[in-house]
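The residues making up each chain are set out below.
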Amino acid sequence: MDLQINEQQRLLKESVQKLAADLYPFEKREAIRLSEAGWSRDYWAQYAELGLAGLTVEEAYGGIGCGPFETMVVMEELGRSLAPEPFVATVLLGGGLIRHAGNEEQKERLLPGLCSGELLLAFAHLEEQARHELHDIATVAAKTADGYRLKGRKTLVLHGSDADVLVVAARLSGDRLDRDGIGLFLVAGDASGVSRQGHRTIDGRPAAEIVFQDVDVPSRDMLDAPGETLAVIERVADETIAALAAEGVGVMDEMLKMTIEHVGLRKQFGTEIASFQAIQHRLADMYIALEQARSMAIYAAGIGRDNDPERRGAGIAAAKVQLCRSLRYVGQQAIQLHGGIGMTMEYKVGHLFQRATAIEALFGGAEHHLQTLAAGGGLFAA
Amino acid sequence: MDLQINEQQRLLKESVQKLAADLYPFEKREAIRLSEAGWSRDYWAQYAELGLAGLTVEEAYGGIGCGPFETMVVMEELGRSLAPEPFVATVLLGGGLIRHAGNEEQKERLLPGLCSGELLLAFAHLEEQARHELHDIATVAAKTADGYRLKGRKTLVLHGSDADVLVVAARLSGDRLDRDGIGLFLVAGDASGVSRQGHRTIDGRPAAEIVFQDVDVPSRDMLDAPGETLAVIERVADETIAALAAEGVGVMDEMLKMTIEHVGLRKQFGTEIASFQAIQHRLADMYIALEQARSMAIYAAGIGRDNDPERRGAGIAAAKVQLCRSLRYVGQQAIQLHGGIGMTMEYKVGHLFQRATAIEALFGGAEHHLQTLAAGGGLFAA
Amino acid sequence: MDLDFTDEEAAFCEEVRDFVRKSLPRSIRQKMLFNRELTKDDLITWTRILDKKGWAVSHWPVEWGGMGWSPVKQALFIDVMQQEMAPDTLSFGTSMVGPIIYTFGNETQKKRFLPRIVNLEDWWCQGFSEPQAGSDLASLRTTAVRDGDDYVVNGQKTWTTLGQHADWIFCLVRTNREVKKQAGISFLLIDMTSPGVTVRPIQTIDGGYEINDVFLDNVRVPAENLVGEENRGWDYAKFLLQHERTGIARVGASKASLRRARELAEREGRDNSARLDLPHIRSRIALLEVELKALEITQYRVLSEESQSGGNSHSPAASILKVKGSEIQQAISEVMLDLAGPHALTLLTPADGHNDLDRSWAGTVAETYLNWRKVSIYGGSNEIQRNIIAKQLLAS
Amino acid sequence: MDLDFTDEEAAFCEEVRDFVRKSLPRSIRQKMLFNRELTKDDLITWTRILDKKGWAVSHWPVEWGGMGWSPVKQALFIDVMQQEMAPDTLSFGTSMVGPIIYTFGNETQKKRFLPRIVNLEDWWCQGFSEPQAGSDLASLRTTAVRDGDDYVVNGQKTWTTLGQHADWIFCLVRTNREVKKQAGISFLLIDMTSPGVTVRPIQTIDGGYEINDVFLDNVRVPAENLVGEENRGWDYAKFLLQHERTGIARVGASKASLRRARELAEREGRDNSARLDLPHIRSRIALLEVELKALEITQYRVLSEESQSGGNSHSPAASILKVKGSEIQQAISEVMLDLAGPHALTLLTPADGHNDLDRSWAGTVAETYLNWRKVSIYGGSNEIQRNIIAKQLLAS
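Residue numbers (the numbering used here), protein chains in the order written: chain Z, 38 to 419; chain B, 38 to 419; chain G, 55 to 450; chain H, 55 to 450.
Among the hints, a few may not be true.
Said to hold, decoys possible - The calculated BS3-like cross-link candidates involving lysine-lysine, where the alpha carbons are at most 25 Å apart (straight line), are: (1) Lys234(G) to Lys304(Z); (2) Lys304(Z) to Lys294(Z); (3) Lys385(B) to Lys304(B); (4) Lys445(H) to Lys304(Z); (5) Lys94(H) to Lys106(H); (6) Lys304(B) to Lys445(H); (7) Lys294(B) to Lys445(G); (8) Lys235(G) to Lys304(Z); (9) Lys106(G) to Lys165(G); (10) Lys294(Z) to Lys445(H); (11) Lys50(Z) to Lys65(Z); (12) Lys50(Z) to Lys385(Z); (13) Lys304(B) to Lys234(H); (14) Lys94(G) to Lys107(G); (15) Lys180(Z) to Lys144(Z); (16) Lys85(H) to Lys107(H); (17) Lys385(B) to Lys55(B); (18) Lys107(G) to Lys165(G); (19) Lys304(B) to Lys445(G); (20) Lys107(H) to Lys94(H); (21) Lys292(H) to Lys304(B); (22) Lys76(G) to Lys94(G); (23) Lys292(G) to Lys304(Z); (24) Lys445(G) to Lys304(Z); (25) Lys234(G) to Lys445(G); (26) Lys304(B) to Lys235(H).
If you are wondering where the hints come from, they were derived from the structure by calculation, not from laboratory data.
Start from the sequences and build out the full structure, keeping to the hints where you can.
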């Protein structure tokens with residue numbers, strides 16, 4: 038057991054901090070948020086220069102081959118600075134699927150572009166009826182002479198309008214709720230039959246509803262995971278949740294920092310509100326919630342590598358439960374202690390709260406994951 | 038709608054307050070608690086003199102014919118003063134069953150003795166496997182030539198060792214969990230085949246485990262509620278829960294009063310702890326919990342009269358949910374704010390907390406009743 | 055003591071319910087259902103429908119258009135209105151400046167302003183809070199200096215709800231800086247079209263524009279617009295805080311929201327694959343129903359006590375209405391958020407003419423959740439309310 | 055960064071587990087399982103079994119019987135011991151006065167007292183709290199006045215846990231009343247058989263006798279029993295508060311309780327009629343598992359930080375161990391209470407030789423629930439812990 042960050046991780050942290058300090062002062066970030074895309078290709082190029090676009094990709098394909106603890110370090114900083122760039126969509130989701138399920142040819146074709154920042158990926162997976170069930174897929178991939186024809190509708194595709202290549206989950210066989218018979222397909226964002234309706238999520242980030250109307254996909258664009266597609270999706274989802282846990286920690290850390298600063302300046306009835314004990318205890322509880330979530334983010338990074346899906350799933354569910362509960366408490370209290378100013382878009386804390394709320398809803402909230410745990414054998418099974 | 042207490046209720050309240058002030062100063066009550074019986078027949082005679090033993094009994098049988106709001110007023114005072122006398126066991130449970138299910142002969146035989154304080158009743162109902170399911174009854178009443186023969190085991194019979202007459206719920210037909218086929222029988226406490234093992238509950242009150250080993254009961258001692266026995270039991274349980282809600286309000290009111298007094302006197306770091314804002318907010322939350330429970334005690338008293346068992350059941354469940362949650366919060370905070378002294382038997386607040394915990398467990402706690410509500414149509418069905 | 059409705063009370067509720075069901079325009083009802091902002095016209099439309107029925111200011115003195123109902127009857131009225139998704143009237147007029155004017159204003163002011171409040175001819179907004187004076191209102195800095203027949207007003211008001219639509223603003227202003235802070239405050243009515251008044255809408259975290267900064271830069275206000283006496287403004291403001299607490303708990307509105315949450319939870323449960331978080335959501339809804347039922351009765355208890363004492367209750371119970379009322383509203387918005395699951399992320403606008411239960415309901419719940427954070431902040435934050443309760447408990 | 059156990063760590067845990075399973079007497083294990091009080095003999099028996107293995111004071115310096123384990127290894131040891139239901143050693147000796155003596159005592163004191171702590175030949179208790187000095191310890195009033203070779207001690211100590219069994223008590227006493235309150239305090243070792251020492255057991259709300267008043271009436275204490283310097287006692291007490299925080303969170307014990315709660319919930323669910331609150335109890339158990347897992351890692355983080363900084367961490371994270379650790383213990387006791395339902399009321403003593411899962415388990419849960427209220431009060435109340443956290447946050 039070793040809980041210190043190592044030298045490489047420290048350097049990585051500092052370089053992301055430096056990047057964020059440069060790219061995300063409040064007004065600069067507002068300009069990006071209010072732009073049509075809601076994020077910046079220029080910025081993404083700078084990410085790629087630092088190696089962040091290929092953070093988790095093996096060096097053979099142009100990446101820097103880092104693991105979950107490095108991802109944790111990066112995500113915490115991106116969370117703190119509210120970076121809207123497509124790290125989750127492209128690197129963790131799209132990149133993760135290709136890394137885990139792609140064949141050699143597909144990896145060689147796609148990963149270098151991912152690492153250089155030129156190729157944007159997105160994961161077209163969730164469907165309206167599915168809530169957070171990863172296997173609930175109605176989109177159909179019908180076999181054709183030389184490949185497959187996709188038909189269906191996907192929702193909440195993060196950065197779906199911007200992606201050059203969509204990784205699409207579709208059903209090769211079986212019923213909507215079967216765990217078998219799912220396939221993953223690479224589809225160009227502008228392929229014939231693909232229509233994308235972009236929108237913003239509640240935190241101002243871009244996403245899309247995507248309809249696949251008889252989209253033809255050649256066989257070579259089906260990812261190679263015969264019989265294991267759902268397992269790959271679950272692994273990538275688990276890794277992404279672990280990363281979101283770290284992002285959430287960054288978001289909370291920043292909210293707490295801002296709140297401490299605010300109550301130290303704000304006066305009421307002639308006294309700094311920081312001197313009120315009820316406020317102080319609220320800060321203490323926010324801190325406890327943050328640190329407990331931080332512990333679980335570390336736990337999630339570690340257990341996200343576990344090859345036993347049940348153990349990994351339980352650990353990740355536990356991390357998401359703690360994360361969601363902490364995000365809600367810290368976020369709500371940050372707004373409450375800021376008072377009116379926390380309710381406005383003119384102050385960063387409200388944006389952080391929006392992101393906190395979005396992170397909660399991605400891949401299922403506290404109650405969803407608590408069910409998984411309650412039904413299973415427990416985190417401390419003998 | 039009318040939320041004021043009337044003149045008769047005010048007088049009743051004052052007379053119970055006076056009685057309690059006389060009977061229950063701390064040391065006097067401790068002497069009773071530490072006595073073998075744990076309560077006092079002398080005291081009970083004084084209750085009867087004031088009419089309390091016959092509070093809810095019709096005047097024709099020697100009672101004073103009061104309704105649920107008068108019961109509420111009485112129970113709040115009994116709660117506040119931690120009166121261990123058998124009001125619940127004898128008047129509400131035993132008396133309630135006879136009032137609702139007894140025939141004229143049975144009422145004439147038993148109720149006058151109840152009102153005069155000479156006859157003590159208890160309800161032998163709960164069985165170990167039943168948790169809080171009122172219809173889960175395995176005790177059997179087998180038909181004999183001139184009556185029934187009872188066989189089974191009852192638990193948590195309040196004041197069961199002291200009762201002259203036990204009202205026993207037993208199964209005439211069907212399986213353990215059937216809602217039909219239940220009967221109620223009057224059995225002398227010292228009848229042949231009845232063995233009673235007295236014990237104290239966590240609040241120091243007397244109760245008993247009772248075994249019925251082939252106890253013969255003549256037909257005339259079966260209460261008259263053909264086909265409706267469970268409905269009567271449910272009604273009496275509902276009325277008793279409503280009364281316990283009022284008792285709980287009295288208990289909480291006293292805990293809050295003591296806590297306010299304590300924090301006003303207790304100093305820490307040279308300052309009264311009452312001046313700490315976190316303590317103040319805790320008092321405010323205790324007060325809110327108390328007043329919300331008080332509102333639900335009023336609600337319970339009213340809806341306890343409802344003849345629609347579903348509406349009444351939902352209302353009573355709601356009251357018990359609020360009661361249990363308030364008792365737990367107020368009780369825990371009262372101990373916490375008292376600090377070490379609250380943990381000892383030398384100070385009343387700890388005894389109040391014990392009683393609060395017992396009231397929670399009687400007839401089902403918050404989660405049990407919340408299930409009833411969640412499964413039903415809602416308190417605000419259109 | 056009795057919680058049952060009298061026959062008359064039951065009949066009255068029925069009458070109000072029927073009226074709303076017949077009279078409330080469907081488009082307004084739908085916006086209320088989805089917690090979307092009403093336009094200025096929406097509220098004027100509804101206020102005039104109400105006014106025609108005589109119910110726009112039912113709680114006012116009969117002389118100025120009130121109905122002379124008992125406090126309980128008035129509470130029932132509001133409860134049913136809210137349950138039926140009717141918008142509240144603009145409280146800044148009907149519940150704030152109106153009562154101030156008919157209680158403390160002079161005859162001229164009454165005749166000039168009150169009728170125009172009833173039918174929303176004048177849209178009023180509130181100028182109390184300032185950037186450095188939120189819950190600690192008395193530290194306000196906006197000044198009004200007498201100059202001939204006018205006051206000259208300088209300062210900044212903020213959190214001015216719906217100020218962007220307003221014709222008039224009622225302000226607390228400092229008219230004497232020499233005295234202790236509460237003592238030098240006056241209550242002034244200011245025409246929003248006066249030179250020097252600037253309104254700046256502020257976007258909130260739900261994406262809406264509900265609140266505003268109002269800048270007052272050498273605004274000349276005729277002295278005849280002073281309400282009551284100079285330097286007595288704090289008393290009038292305090293009167294407001296104690297007055298008209300019916301409805302602050304928003305019990306009727308929360309009843310409607312919980313009913314809707316139950317309905318949606320059942321439907322979402324049916325639509326969905328097996329396991330799922332929905333039983334737990336149903337438990338949370340049930341628990342909120344319990345707390346709301348308790349609050350409803352607490353509210354009637356406060357009203358009853360106030361009726362009996364012939365005025366304002368000084369029981370700390372009144373603060374419960376604010377604290378619990380806001381906590382329940384917020385908790386309901388959380389239930390809806392969790393019920394929507396991933397769909398809460400999407401910010402979809404419900405299509406016109408959609409069914410009440412279309413999944414598009416989920417598109418607005420996050421906005422509501424975010425927006426509702428305000429209810430524990432404004433109107434005396436819940437922290438302030440707890441201070442008030444504790445002070446009264448410790449004093450008793 | 056890596057949370058996985060090394061092979062060595064895993065093997066060590068296995069070794070400890072095997073040892074406890076083989077060596078812990080069944081009667082003691084059963085008492086631990088039901089949270090019943092151990093007798094003095096029980097603890098002496100177990101301490102001597104541990105001592106024979108060399109593990110009674112594993113965290114002490116090797117010179118005095120310690121094992122020289124790393125902080126992580128020591129934490130693993132305690133975790134496994136608690137999970138396997140082994141009683142903690144008597145902390146007043148092994149974790150309080152022992153470390154004080156080997157850190158601040160003189161050689162004579164070390165040789166005289168330490169060996170008798172290791173094998174529990176001396177039963178120690180703590181004389182810090184007084185009736186008017188609980189969390190605000192420094193306001194203590196017990197005085198020690200030098201008289202020849204003795205101190206004469208007068209005063210009252212309270213909340214003295216297990217003092218009724220004690221041979222010795224270590225006390226904070228006031229030796230100088232002229233100086234600021236922390237400055238005039240000394241640390242004194244007092245033989246409980248000295249004339250003038252009276253112990254009065256106090257019954258607690260769970261029915262047990264765990265705490266005591268200790269009256270000190272002109273007790274003569276040889277000056278050689280002063281630890282360290284006169285008037286420096288406060289520093290030693292503070293050292294204690296910062297020292298040996300491993301285990302204050304009681305993670306291992308809570309793991310065992312949660313595992314048991316899960317087992318009982320499953321069984322209770324099976325035994326019972328259909329609907330029932332048990333799914334909700336299972337959810338509460340799952341949530342507590344999450345919080346406990348987080349706390350476990352927080353604890354390792356604090357240890358790791360302390361190892362790195364070569365001593366005491368000043369991060370407020372250490373207070374989390376107390377706050378969350380106690381809250382989790384209390385919450386588990388509530389789960390057990392609710393799981394027992396009506397059976398919690400009955401106070402039945404589990405029969406000897408019963409099965410671990412007999413319904414008689416329910417007979418002790420209310421006692422535990424009532425008794426556990428203390429864990430948020432003692433050792434620096436949770437309110438004090440939150441003050442400490444806030445102070446550090448606001449200072450940073």
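Hints that the structure is at odds with (numbers, increasing): Result: no hint breaks.
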